[in-house]
Amino acid sequence: DVVLTQTPVSLLISLGGQASISCRSSQSLVHSNGNTYLHWYLQKPGQSPQLLIYQVSNRFSGIPDRFSGSGSGTDFTLKISRVEPEDLGVYYCLQRTHNPWTFGGGTKLELK
Amino acid sequence: EVQLVESGGGLVQPGASLKLSCVASGFTFSDYWMSWVRQTPGKTMEWIGDIKYDGSYTNYAPSLKNRFTISRDNAKSTLYLQMSNVRSEDTATYYCTSNRIAARVMDAWGQGASVTVSS
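As you go down the protein sequences, you meet chains X and S in turn.
Residue 94 in this note's numbering sits at position 94 of the first sequence, and the numbers go up by one each step.
Residue 18 in this note's numbering sits at position 18 of the second sequence, and the numbers go up by one each step.
Do not rely on the hints blindly, as some may be mistaken.
[As the list claims (entries may be wrong)] Here are the simulated lysine-lysine pairs, DSSO-like style, with alpha carbons at most 27 Å apart: (1) S:Lys43 - X:Lys112; (2) X:Lys44 - X:Lys79; (3) X:Lys108 - X:Lys79; (4) X:Lys108 - S:Lys43; (5) S:Lys76 - S:Lys65; (6) S:Lys65 - S:Lys52; (7) X:Lys79 - S:Lys43; (8) X:Lys44 - X:Lys108; (9) X:Lys44 - X:Lys112; (10) S:Lys76 - X:Lys44; (11) S:Lys19 - S:Lys65; (12) X:Lys112 - X:Lys79.
FYI, nobody ran anything at the bench for these hints, they're computed from the structure.
Bear in mind the structure is a predicted one, so any value in this text is a computation, not a measurement.
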């Protein structure tokens, strides 16, 4: 199975600051069709996960441009600029290139 | 507005069976693949399986395929997860998700159904 390693495990950020979360895969996430199925989710406290970014860099409907995704192959990054209180929670990456689909362990974003 | 509402969770004894349901609204259910994902009490996320829009194909996590079955009733806009011979390690919150952007993108998630396996 593909292992996704997220770093850091937790992140202390000041309001208005920038956060960067890494998701590294144990193998390339480029599918044979050329697409890369690496997605990012945020789970706010007490809520279910919500989609932020799909296929590396595409923002889902309604997601502000403060969120951006980048990367290729095995290394991927989610950046959150101008952090707001509503951004707090646990961020997960998910790969759906190689069956079985697998999640990263999560990164908790907290206020400094 | 897209809504996914799970039900059927609760306390169940080891070895028993349980069936979760997920009623979808706000989109044409029969057009899209659907999935189940669970989250353990320690917050680990685990994909359970997917089902094709017409129910003709399912895909499961290898560790669960012998005990879990996903089905759907498009006339009722309802997704199901049949769990059999449950174990303590199946204790988790179970989420149904839609895959509307593409078959490999879980976009909307339900609020979750809590399942506790204990004697």
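How the hints compare with the structure:
no.	hint	result
1	S:Lys43 - X:Lys112	holds (22 Å)
2	X:Lys44 - X:Lys79	holds (17 Å)
3	X:Lys108 - X:Lys79	holds (14 Å)
4	X:Lys108 - S:Lys43	holds (11 Å)
5	S:Lys76 - S:Lys65	holds (25 Å)
6	S:Lys65 - S:Lys52	holds (16 Å)
7	X:Lys79 - S:Lys43	holds (22 Å)
8	X:Lys44 - X:Lys108	holds (10 Å)
9	X:Lys44 - X:Lys112	holds (17 Å)
10	S:Lys76 - X:Lys44	violated (30 Å)
11	S:Lys19 - S:Lys65	holds (15 Å)
12	X:Lys112 - X:Lys79	holds (17 Å)
In summary, the structure is inconsistent with hint 10 from the numbered list given earlier, while agreeing with all the others.
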